[in-house]
Each structure stands twice: as structure tokens, then as C-alpha cells.
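Chemist: With chain S fixed as given, assemble chains E, A and H onto it according to the hints.
Chains as they are written, first to last, in the working numbering: chain S, 1 to 246; chain E, 1001 to 1246; chain A, 2001 to 2299; chain H, 3001 to 3299.
One should not assume that every hint holds.
Taking lysine-lysine and the DSS-like style, the derived pairs with C-alpha atoms no more than 30 Å apart in a straight line are [as the list claims (entries may be wrong)]:
#: 1; chain 1: A; residue 1: K2056; chain 2: S; residue 2: K45
#: 2; chain 1: S; residue 1: K66; chain 2: H; residue 2: K3056
#: 3; chain 1: E; residue 1: K1041; chain 2: S; residue 2: K79
#: 4; chain 1: S; residue 1: K45; chain 2: E; residue 2: K1045
#: 5; chain 1: E; residue 1: K1228; chain 2: H; residue 2: K3056
#: 6; chain 1: E; residue 1: K1041; chain 2: S; residue 2: K41
#: 7; chain 1: A; residue 1: K2206; chain 2: S; residue 2: K191
#: 8; chain 1: H; residue 1: K3088; chain 2: E; residue 2: K1228
#: 9; chain 1: A; residue 1: K2088; chain 2: A; residue 2: K2278
#: 10; chain 1: E; residue 1: K1066; chain 2: E; residue 2: K1003
#: 11; chain 1: H; residue 1: K3056; chain 2: E; residue 2: K1239
#: 12; chain 1: E; residue 1: K1080; chain 2: S; residue 2: K45
#: 13; chain 1: A; residue 1: K2056; chain 2: S; residue 2: K191
#: 14; chain 1: E; residue 1: K1045; chain 2: S; residue 2: K41
#: 15; chain 1: A; residue 1: K2095; chain 2: S; residue 2: K228
#: 16; chain 1: A; residue 1: K2299; chain 2: H; residue 2: K3056
#: 17; chain 1: E; residue 1: K1228; chain 2: E; residue 2: K1041
#: 18; chain 1: E; residue 1: K1228; chain 2: H; residue 2: K3115
#: 19; chain 1: H; residue 1: K3056; chain 2: S; residue 2: K79
#: 20; chain 1: S; residue 1: K79; chain 2: S; residue 2: K239
#: 21; chain 1: S; residue 1: K45; chain 2: S; residue 2: K128
#: 22; chain 1: E; residue 1: K1079; chain 2: S; residue 2: K80
#: 23; chain 1: S; residue 1: K3; chain 2: A; residue 2: K2088
#: 24; chain 1: H; residue 1: K3206; chain 2: A; residue 2: K2299
#: 25; chain 1: H; residue 1: K3156; chain 2: E; residue 2: K1041
#: 26; chain 1: E; residue 1: K1228; chain 2: E; residue 2: K1079
#: 27; chain 1: H; residue 1: K3056; chain 2: E; residue 2: K1066
#: 28; chain 1: A; residue 1: K2056; chain 2: S; residue 2: K66
#: 29; chain 1: E; residue 1: K1045; chain 2: A; residue 2: K2088
#: 30; chain 1: E; residue 1: K1045; chain 2: H; residue 2: K3206
#: 31; chain 1: S; residue 1: K228; chain 2: S; residue 2: K66
#: 32; chain 1: H; residue 1: K3115; chain 2: E; residue 2: K1191
#: 33; chain 1: S; residue 1: K80; chain 2: E; residue 2: K1041
#: 34; chain 1: S; residue 1: K79; chain 2: E; residue 2: K1191
#: 35; chain 1: S; residue 1: K207; chain 2: A; residue 2: K2088
#: 36; chain 1: E; residue 1: K1207; chain 2: H; residue 2: K3088
#: 37; chain 1: S; residue 1: K239; chain 2: A; residue 2: K2056
#: 38; chain 1: E; residue 1: K1228; chain 2: H; residue 2: K3095
Just so you know, the hints here were simulated from the structure itself, not pulled from any lab data.
These numbers come from a predicted model, not from an experiment.
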Amino acid sequence: MMKQQIFTIIENKPLTGSMYRLRLGGNTSAITAPGQFVNIKLDGKFLRRPISVCDRSGSMLTLIYKTVGSGTEQLSRMKKGEQLDLLTGLGNGYNLTPSGDRPLLIGGGAGVPPLFGLADELLSKGCKVTAILGFNTAEEIFYADEFRMLGAETYITTVDGSAGIKGFVTDAMKDLDYTYFYTCGPEPMLKAVYRAAKTDGQFSFEKRMGCGFGACMGCSCRTISGSKRICKEGPVLEKGEILWED
Amino acid sequence: MMKQQIFTIIENKPLTGSMYRLRLGGNTSAITAPGQFVNIKLDGKFLRRPISVCDRSGSMLTLIYKTVGSGTEQLSRMKKGEQLDLLTGLGNGYNLTPSGDRPLLIGGGAGVPPLFGLADELLSKGCKVTAILGFNTAEEIFYADEFRMLGAETYITTVDGSAGIKGFVTDAMKDLDYTYFYTCGPEPMLKAVYRAAKTDGQFSFEKRMGCGFGACMGCSCRTISGSKRICKEGPVLEKGEILWED
Amino acid sequence: MGRLSVNLCGIELDNPIIPASGTFGYGYEFAELYDINVLGSFSCKGTTLQPRFGNKTPRIAEAPSGMLNSVGLQNPGVDAVISEELPKLAECFRKPMIANVSGFSIEEYAAVCEKLGKEPQVGWLEVNISCPNVHGGGMSFGTDPEMAAAVTKAVKAVTNKPVIMKLSPNVTDITAVARACEDAGADGLSLINTLMAMRIDLRTRKPLLANVTGGLSGPAVFPVALRMVWQVTHAVSIPVIGMGGISCAEDVLEMMMAGAAAVEIGAANLTDPFVCPKIIAELPAVMDRYGINELRDLK
Amino acid sequence: MGRLSVNLCGIELDNPIIPASGTFGYGYEFAELYDINVLGSFSCKGTTLQPRFGNKTPRIAEAPSGMLNSVGLQNPGVDAVISEELPKLAECFRKPMIANVSGFSIEEYAAVCEKLGKEPQVGWLEVNISCPNVHGGGMSFGTDPEMAAAVTKAVKAVTNKPVIMKLSPNVTDITAVARACEDAGADGLSLINTLMAMRIDLRTRKPLLANVTGGLSGPAVFPVALRMVWQVTHAVSIPVIGMGGISCAEDVLEMMMAGAAAVEIGAANLTDPFVCPKIIAELPAVMDRYGINELRDLK
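For reference, chain S alone in the conformation it holds in the complex:
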């Protein structure tokens, strides 16, 4: 269940030109599954900023965020020791049960972080985890080594071919054999994965949110089982229930 908590910044450093890793100290007990997110209050901004959880331990939370506007740029300027007001344990994360023994994780750009915590849990569950991490160029790559160090067989794709396989994540999917998949990334990538996937799987979606905990209906989407809130029933939806808005 959602909790409102104060966290203290342990680390806030750039991984690439626009991706930052924020490590926070505080009570993470409200977070129950990979793929969930937190909603961060920033001084001078009315709406909170939702950021997916990359990884968490008992007392440390790792978030990886992209600077896309004045809010995240403001966040990127915050220093160690400063405090943040978070709503934690938001959303419905990934369900590990249907993974099978060889799950495939497919992440694109800012969609990579939540898959890291997921990979960790799938590996400790005893799965053989394969990860495809897609980026535009070599400069944008982050966390490839971290996935490998976890023990995930990791493939990199870049659109310009400056590193790994040239092309899109779907190009790397072709020859792989897997029991199930989990994906997170920009919607065009999710659609391509939806078409390319040979198995069932779960998708994590991003949408502009008002509250982040189901109150405002700002992030509703249609599914085969009716309207769902990305912030509450989502952000993770199963392949079978997705209805793509054209």
C-alpha cells in the first residue's frame, strides 16, 4: 500500500548526458514488486514527478531518471544530504509467476531501469535471464555492465550501430529463445515488441499522471477488460489485455 515518506539523497550522479542515478535512504517497505514507481515532490512544482524504481534494498532506493524538463533538471541539481518527499509503493509492478525458466527482458532507453530490479529477482528465483537493452547510440548506453554482473545474458542494440547489434531491440529478439518476456520503453518500441514477441509477456507503460495513486483518472487507458489506470492497475499490463490507441 502507498506510503508518504521522506528520503535523504545518498547519491545523485549522471550515468550519461541525460540519465541520472539517484540513490535515496529511507523506508522502502511500501515497495513490493519490481516495476512499481515513486512520485517525487519538487519545490516550486505543483505536480509530483513519477519515477520507476530501478532497485531497492531495505533502506536504500535506487532510481534512474532522464532529464526531460525543468522538473527533472531541478532534481538533477539536488545534492547529497538533501531530502525529498516521496509517495512510494505506487502502481502494480511486474508479476514474476509466469516467467518460466528462461524469461527475456527488453528495455529501451529510459525504460531500462525497472528491468534491473526485475532481473535481480528473476535470477534469485533461479531463472536464466536474458536482457536486450536498446539505445540510440553508444553514448546513451548505461547499466549494461550492471546487468551482466547480476548474471543476465545481456545484448545491446543501438540504432546507429555505434555499439552492439545495429538496429532495434526487435532485431535482437529474432534469434532468441525464451519462455516469457517483460518489457519497458517508449510506446513505439512496445508496439514493435508486441508484434515481434513469440510468447506471452508483460508491458510497462508511461503516461502523464496527475496524482500517481488512482485518484484523478488522468492516466486512464482502454484494455480488453475495460478502462484501467496506468498509475494504479498499471503501469504493468499483460500482453493479452492491451488495446493499442492508434
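Modeler: Just chains E, A and H now, kept in the frame of chain S:
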């Protein structure tokens, strides 16, 4: 002429329950006369907060302010080393020329601070300075010793008689002999001083301001010589030109 | 009666704090966060005759000291509200609730109010004639005094529960609409709904909201809301629920000094889900600071 | 023509940045702070036939992301403006200025516009039919399309200078007033004036402004201003000056993407006297970030 400048907090400490002394380091060159004020930008507040200058040296500015609302309360929580965006050198300060050799300074509560810098300059000009500082109770008294250390003959009045002369500043004025007077304080006190004064003098007024530098016409008042802006032609007006709004 | 209690159309409230429609769902989800019985009452999601998915997304945009929304009355429809939502609410809320109703025709307003008016959990009907985010309906009823009066009459004819008309601020003279509703038999008024607004995405150079325009709410609109509540409470004699950017105990007092009998808290619930219980807890101390014995004295 | 140049009713501006009426006096005092010739132009203090002291004080109140003012058209009167203010301005400003005019009757509007229209320094007449702070005049002209059209016709009859009608946001349908002005011969429109608002002093429980209500300006109103500029530029074909809470280069671009030909900067001048030259200096870099070659392309 007005300047916009960044100052650094050297000290910000309470003198009484609600009066704080703020010492700032920075360029004070725009301040040319006692009785002028600065206009302070505070995070999250749209309008700046005007505060009269108590004293200044080349590189240090001393302000004494009263916490009256969320803005000044926020200011009172700021710490040494933090920076502030100020508009300095605002308004038309006290004119020392007509002081004569025995000027009387009459301050009430939050109106006392600008008279301190004025006393300093009148004394260095060779005047024999007498000061009457009026407060409600003994707990509210501040800067009495500072005035005495400057060399001003200083009388204290308190409404409840808990210190000094019991009553109002006008009770202390009665038996004093002076060549000219300078006053600053709440409007009821200014009106009483206006009636009680035996000589000519100058009054410093306070009004809700928009800009603080004459652009918005938010703080206009009527005078015998037409409309004047408290923030620009004021805050100091000569006794002869004042028209009291009923 | 405690220091905070107020009267709204003949029903006593323990306090004047009412989460606003569209920011509190049908209540029971907030009951997981705190005991919602601490509230004076709450106003449920705007309910229509048929289920509505609402507008396309994005439906939300940031604004200085506020936010824009263009949800467009997403709701499961009145029958599902009665059969599914109200029973869930009954398990966690013992007080009368405010049923917020929207429609696209006078007949629809009447039909929905007739159904919800029969529900024992419903204490008041709040009739939203001011939604800026739906076309061919919503706000148009709230911008024309005659239309507003017609809706009021039609609703009053089908229910005995107090009828509170929710007014739009997007009008030249809100007192004209307020008087028309009072003359047509409204038991109370609530205002303001959101101010029609817009943002543009500098990257795409297109409107940020799929619906192009949306409703501005949050502290940014508070001074406009306060002015309209002042004008309306000086123009009518029925009670007014004040809303629009209220986010702390001081705002509640200021709005009640403007003449409001109670207040609704909207956007603030979305950035701080605990803001309503916090305000209720802070009110006595803030009242002391300003020498207010009982909130009723402010009326 | 540079990247920033725009055209306003046939006159080229080096850039679209125009300090708004009532926040820049008659210009020459700001010339002590910076060379005001860097501006596109500026709109002078609202000028009436007779001298006006304006409303009682307090005239100013704080608001979330904004401020309220109820100055009430303080100005020395048109004759003193022509004999004293404009000569002082001539010494520090080489460009055509916008003469902002207010009145309490159609005849007064015409009389003031006729006098100011003859001044060579005046490039445009901005006719304020939307002041919320004066009674028996001001805003009432701007809330009724027929009255707005009548003022427009009367002013057009006495001057050959481009006439820009300044519209009120305190209306149900601003496009109706905009169309009425266009049909009556207006050369341009400027919007929005301030939103009628109010604050109450919790200590005295009385209105904070001596005038009771005042006009809200500042970033708080930006999304409302943007919506109205969008609506109006889609309803008329004459150029529109967009204003309302603009405080940075990004706001300028967003307002021009909504259809504005130029922008006025108001409240921001009061909290940062150097904001206009800052915005002008920042515009090229911000335009680069969003791939905008020339501001004219945004129209």
C-alpha cells in the same frame, strides 16, 4: 540609482520574539542615504519583500525586520551562507541638511532600525543626537544600547511601563528641546508625532508595495504637492507636504 | 457541536472539509490511506447516466501553482455506481456523501439525480453544470442563467435531497447564474469549477492536452475563487460551498471569511493524499492564532 | 530583419517583447536601468482625459504565482502626458510606442485617442476596455460586444494610427468581443487584461485591497491567457498581442505558438526590472533548443 545584486547572509538572528537582524555581504554602493530600503526576492513568493536599511558599510548591509507573515517567517529561517537577490538603493531617504545641531529621532517598534543609520550619520556630521525609541513592552525593546553606544542620548518608552517612560513616544517628546526631527513607525504614531512636534521634520512611511521602484503605482499617496510614490519619492516625506488620509 | 462544525443545507458537518469531485474517486480507495470518517463529507466522481471513458490522453498538464485536467467525466455510469461503488463506500464511510452529477441534457441530469437521490448514503446532490472538458453539454448549462434554472427545476422535481448547483467561473457575471439557480429552487451552490485553460508543448508546437483545452485548478485560481464566492454570497441567501485552490487551513478560513458555509478541497488531494486530515488537524491551532472560536462565527 | 523581428499591424518590431501598460510607467524611468531601445516597443500607463489619483491603498496583494492590483488607472491625464511625459520619453526612446488609453465614456475614449494619435512618438493606440478596477466604466465596455464595437468605431474615426483593442478575460466568450472589435475596424487585439480576484486579511477578516477586488496577474494566469489567445487567433484574422503571466523566453514561444504576433510582459517587470532585456537576450538560444529559426515562422 537602484541596483539588482546578490548578497550572502553573514548573520540572521532574533533580537526579540519577532524582530530579526539580517547581516548581508555584498555591494552596497547603490545605497546613498539612511531611510532607503531594499527589496528582497524569496523563493516561492511572487512579490519581493521591502525592508528598510538599518546600517551599511562598504560591503556589509544590516537589516532589521519583523516577522509578520509567511514571507518574513521564511526569511527568518534562512541560514548563514545562503544567498539573496536584492534590489538595493530604493527610495528617497532622509535628508540630513535641515537637521540643525540638535536633531531628535523618534522611532516606534519596527520603525526604529532606519533611524540607527541616520543617527550614525548625524553624529558624524557633528550633531548632538537625541533618540526616543517607543515599544509596547520591555520584551520588545531592541537596539537601545546600540543607540547609546553610538553616542545618542536615548530615551525608551513602553506602553505598559515595563521599561523606561510609561506611555508613548509623544510623552517623551514633551520636555525635550530640539532643532528638527526625524521619525519612523506605525502610522498612528506618526500622526501623534505630527501633532506633538514643535519643529519641522521628516516622516518615513510604510505601504504595501508592488515593485518598490516606482513602476506599478501600488503605493501612491496624496501630498500637498500632488501624488507621490512611497517607494520612489518616499518613503521619507517632509512634514510640510503630508496630507493624512483620514 | 464542536468548534469546526458547520451546517450545510440543514445537515450538520463535523467540519467543513470536503474532498472535491474528481479528486477522491468514490471514497473507498482513500479509506486505505486514512479513516475518511474524519472528513465533513466528500463529493464523489462526477456521475452520468451512461458509463464514460472520458477524453483521450494526455489529460494532465502542469501549470504555475496549479494543474490542468481534461479527464472528461470518466465514470462507470449511475447504475454501476449504485450497484458497485456505493456498497464499497458503505463499508468505510458512515456519513452522508455528496453525489456529484453531470449530464448532457436536462433529462439526463434529472434521471441521474432521481436514481442517486433515492440512495440513503447520499446526503446532497451536487449538480455539475460547469464541466469545461466535455462538448455539447457540461459548461454550456452553467454559462446561461435560463439553462441553469431549467436544470435546477428539473432536478428539484425528482428528489427531496438538498440540491447544490456547481457553478462555472468561465462567465461574465457568476451572480446572474447564481440568482437564477436560487430562484429555481436550488438549496445551495458550490463554486468554482476549473478555469478553462491550455498549455502548448514547445517540442511539438501542439496543445499538450489531447482535448486541446482543460480546466485549471490549484492555488493559482484561489484569488479568483475567493472573489466569486464573495460576490455570490453577497447576491444569494442559500449556502455556498467555496472551492478553488484551497490547500491549507489558512485558505479554509479565508474562503469562509468570504462567505462560504463549507469548502471543497480538490487539486491539493492529488499532490498530498493526506492534505484533508492534515487541514482538519491544523484548523483549531490556526483558528486560535486569528482569534476564531467557532467556524460558524465566520458566516 | 533579424530572427526575432515581427510585424504588428504593419509596423516592424525588432523583437516581440513589449512591457505591458501599468508596469512600465511612461518608459523613461526604466531608461535609467537599461537602454529601453532594446525593446520591441512598450505600452505606456493607461491614460485618461482627466488626471486620476486612482484607488485608495492598499492597492497590492500577494497571490500564489502572482499578484493582485487595484491601482485604478492613476495617471496625470492626457494633456500632461503629451506636454510632460512624452518629451521625457523622446530623450531615451527612438521607437514608436504603444499609447494605452482608458475612458469612462465612448466620447472620452475618442477624445484621448484623438490627442495621442497626433503624437509622432505614438505608433499604435491600445484601447483598454477591460480595466477591472474602475467602476462605471473600464471593464463594462469590454464585456459587451456591442459596447466594444462602439468604442472601436469611435476611436477609429479619430485616428489613422493602428487601433489595438485590449480585451477582458472576465467574460463567458472572449471570441464574441474579439469578433465585434474586428468587425468594427480594429487593427489588432491585445489580451488578456487581469482576472478579477480578491484576497482577505485573516487578521481583520476584511478584504485586503481598499477597492475590495483587484486584478490577478503573473504566472498563475498564463494558462488562461494562452487558452484565450488560442481561441481569439482562431476566431479573427487581425494580429493579437498575447499577454498574461509571461515571465521567460519559453513563455514567449508558447504564447506565439498559440497565435500571438507579439507579447506584452506585465507583472514580471515588477519583480525583475530587467526581465525584458533578459528575455530578449535568451530568446535566440531557446529558439535553437526548439528548432525555431525565426519567430515569424511560428505565426
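Chemist: Decide, hint by hint, whether the structure agrees.
Modeler: Hints, one by one, checked against the model:
1. A:K2056 to S:K45: holds (24 Å)
2. S:K66 to H:K3056: violated (51 Å)
3. E:K1041 to S:K79: Judged against 30 Å, a Cα distance of about 23 Å means the pair holds.
4. S:K45 to E:K1045: holds (13 Å)
5. E:K1228 to H:K3056: holds (13 Å)
6. E:K1041 to S:K41: holds (23 Å)
7. A:K2206 to S:K191: The hint holds at about 24 Å.
8. H:K3088 to E:K1228: This hinted pair holds, its Cα atoms lying about 18 Å apart.
9. A:K2088 to A:K2278: Holds, at roughly 25 Å.
10. E:K1066 to E:K1003: holds (24 Å)
11. H:K3056 to E:K1239: holds (21 Å)
12. E:K1080 to S:K45: Judged against 30 Å, a Cα distance of about 26 Å means the pair holds.
13. A:K2056 to S:K191: Measuring from Cα to Cα gives roughly 19 Å; hence the hint holds.
14. E:K1045 to S:K41: Cα-Cα ~18 Å, so holds.
15. A:K2095 to S:K228: holds (29 Å)
16. A:K2299 to H:K3056: holds (27 Å)
17. E:K1228 to E:K1041: holds (25 Å)
18. E:K1228 to H:K3115: Distance of about 26 Å is within 30 Å: holds.
19. H:K3056 to S:K79: violated (48 Å)
20. S:K79 to S:K239: Measuring from Cα to Cα gives roughly 40 Å; hence the hint is violated.
21. S:K45 to S:K128: violated (43 Å)
22. E:K1079 to S:K80: holds (18 Å)
23. S:K3 to A:K2088: holds (22 Å)
24. H:K3206 to A:K2299: Holds, at roughly 13 Å.
25. H:K3156 to E:K1041: Cα-Cα ~43 Å, so violated.
26. E:K1228 to E:K1079: violated (37 Å)
27. H:K3056 to E:K1066: Answer holds: H:K3056 to E:K1066 is near 25 Å, not above 30 Å.
28. A:K2056 to S:K66: holds (25 Å)
29. E:K1045 to A:K2088: violated (43 Å)
30. E:K1045 to H:K3206: Measuring from Cα to Cα gives roughly 22 Å; hence the hint holds.
31. S:K228 to S:K66: The hint holds at about 26 Å.
32. H:K3115 to E:K1191: Violated, because 43 Å separates the two Cα atoms, which is more than 30 Å.
33. S:K80 to E:K1041: Given that 30 Å is the threshold and the Cα spacing comes to 26 Å, the pair holds.
34. S:K79 to E:K1191: Outside the cut-off at roughly 52 Å; violated.
35. S:K207 to A:K2088: holds (28 Å)
36. E:K1207 to H:K3088: holds (28 Å)
37. S:K239 to A:K2056: Between S:K239 and A:K2056 the Cα gap is close to 21 Å, so the pair holds against 30 Å.
38. E:K1228 to H:K3095: Answer holds: E:K1228 to H:K3095 is near 29 Å, not above 30 Å.
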